[in-house]
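**Student:** Letter by letter, the chains look like this.
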Amino acid sequence: MRTTLAVGLLGGVVLLVAIAFLARSWRALVLIVPIVLYLGVGSILTAPAPVVTITRTMSRDRTAVGQEVEVRLRIVNEGPRIPSLEVFDNLPGNLDVVKGRPHIHLELRPREVVEMAYVIVPQVKGEYEIGPVLLRAREPLGLRYSEEIGYSEGRLVVAPKMEDVRKVRVVPRRVRALMGQVRSRQLGTGLEFFSLREYLPGDEIRHVNWKATARRDRLLTNEYEAERSGDAILILDARSESEVGPVARSTTELGIAAVVSLASKILETRNRVGLIVQREVLDWVYPRYGKKQLYRIVDALVHVRAGGEWPFEHVTWVLGRYFPSDAQIIIVSPLRDATALDVIADLRGHGFDVLVVSPNPVEVERAMFPRDPYADLAYRVLRIERESMIQNLRQFADVVDWNPSEPLAVALKGVKPYPRRR
Amino acid sequence: MLRGLALGLVLLLAVPPFLEVAAIEHPNQRLGAAAIVALAVVAGAYASVRRRPLAARFTTIAYGLFGLGFALFVSVRPVPFLLAYVVGLLGMNVLLYQVAAYGPVLAAFREEDAIARRTRAVALRSLGVSGLALAVAYGGSLALLPLFAVEMGSTDPLAALGLAAALVLLLMMLAVLPESPFVRERQQWRLR
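The listed protein sequences derive, respectively, from chains G and A.
No gaps in the numbering here: position 382 of the first sequence is 382 in my numbering, and each next residue is one more.
No gaps in the numbering here: position 186 of the second sequence is 608 in my numbering, and each next residue is one more.
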């Protein structure tokens, strides 16, 4: 194919010929000679169609946001010598190249093997198709090129970033009969001391409280608080109207990071965790235990993109029919509309314990624009409105107003652990 | 460095048009022409700095109009000078194209490794071959100059127009040829 340079030069020749003949000037006609000679030299040099095989290897096909992945391309020339081969590996957006380059120029001799490598860091979770590779052979004068596409795609699944919330006490407040790590305010086997009672035959000797026995002069046994497991349902508000900010730092992406972190933390303490995502469709993961459940939740979140205009009330309907009624509800929403408030009030009315983790959309938006006194004033008003709304909401639920410039763990520090009395 | 070279060439080639424009007697016409050439310089500078070779089309046309047009028909400069200027414009466009093709790739290399060295070698070779081709074009033009000194051909405007149309047609046919005739011959020879 001819390049724009070749087309421009041919246009210049045509123009000069026309001028020369219209002006009847041999001097003007002479001026086409260097251009025609250049085009002539260019016609001798060729840009052979690249005949190469490409093999792609990636250091991992599943990763998390912010983790490095090395991509290697092995290029084998199966055809004649290519004086200038441009290799361009087509990368989707949100993948930053931190080392090496996916775009190079090479000279390839017949049967020559070249390896190119680069390192990418995904900025947003999702499933990415890397490739195909565009191969463009040029002749050195820049007049012609030939293109081929090397179909060697790679698939990369990027999980959301997980924040460290190990020290945060977010646990289900109502427990089930099964053993777990949540203190239940009931007697049973556990590690937390609950009370003393008279020794009864059959009590384990190691539970005898020897100090109290010595003081009272009769055998006394320690009683412990039973540790049980509970259910937590995480609800992610990923509707279009809840999306604020650039993709990598949007309220939806922040919400997803919060959901994964909380799910990991709650599953770690042997509780069941379920997930409901409200986006274009309402999809959910039923509560289960263990690490596999975390993978299920991450898989469900990997493909989540903000979308859909459904009212938030549908969540109540799904919760009421398909999920345990004594589950702890954790809603992750930027609380941008009035329906979210109604839903939370409604859930409390149904007897659910509700915790709201709200990535602050005002702060997300503020971070996008430079400092300006008028904008500062406007955002101050918005902050006051939001604080007032959250204050109203606190009569129905615990609300964590998360400023995304701080770690999630800092925001969750204020969450009161069990026991809670209403 | 490539961008600096292209920018330098754009500024250097602006000198003849400015000299031609400075010779215009009417002040308003002179000012208007100078403004167009200045605008062309800006477009050329943009093309070289932002690696947009298409933006240099305007620069080429403006330089050609004021540099070549005036030198051909007003100040009547010698033909070797005109040829040198045409080769200069050609070189500017070739350099801008090469800057756009290789510049971003070369600029993106943060560390010196085998791939970076190979890419640089390919870019340098392309520039070298282009420079050689430009030298051949200029030298060949000077060599062919005596052929054009012969007073021959028709002076009839209609005949001239017909001849021009035929030449244009021939060039366009050459332009749409899928491959170079030399290459096809070589391939046939290999098959035999």
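Quick caveat, the hints were computed from the structure, so don't treat them as lab data.
Even glycine gets a Cβ: it sits at the ideal position worked out from N, Cα and C.
Do not rely on the hints blindly, as some may be mistaken.
[Claimed, not checked] With the Cβ distance kept under 7 Å, some of the chain G side facing chain A (calculated, not the full set):
{"no.": "1", "residue": "L5"}
{"no.": "2", "residue": "S84"}
{"no.": "3", "residue": "L106"}
{"no.": "4", "residue": "P140"}
{"no.": "5", "residue": "Y151"}
{"no.": "6", "residue": "S152"}
**Student:** Does each hint hold? Answer for all of them.
**Tutor:** Evaluation of the provided hints:
Annotation: G/L5 was flagged as interfacial toward chain A, and the flag holds, the nearest CB pair being 4 Å apart, inside 7 Å. A cut of 7 Å between beta carbons decides the hint on G/S84: the least distance to chain A is about 5 Å, and the hint holds. Nearest Cβ of chain A to the Cβ of G/L106: about 5 Å, under the 7 Å cut. The hint holds. Because the closest C-beta pair between G/P140 and chain A is about 4 Å apart, less than 7 Å, the hint holds.
Checking G/Y151 against chain A: minimum C-beta separation of about 22 Å lies over 7 Å; hint violated. With 7 Å as the threshold, the beta carbon of G/S152 stays out of range of chain A, its nearest partner Cβ sitting at about 18 Å, so the hint is violated.
Checked against the numbered hints given earlier, the structure breaks hints 5, 6 and satisfies all the rest.
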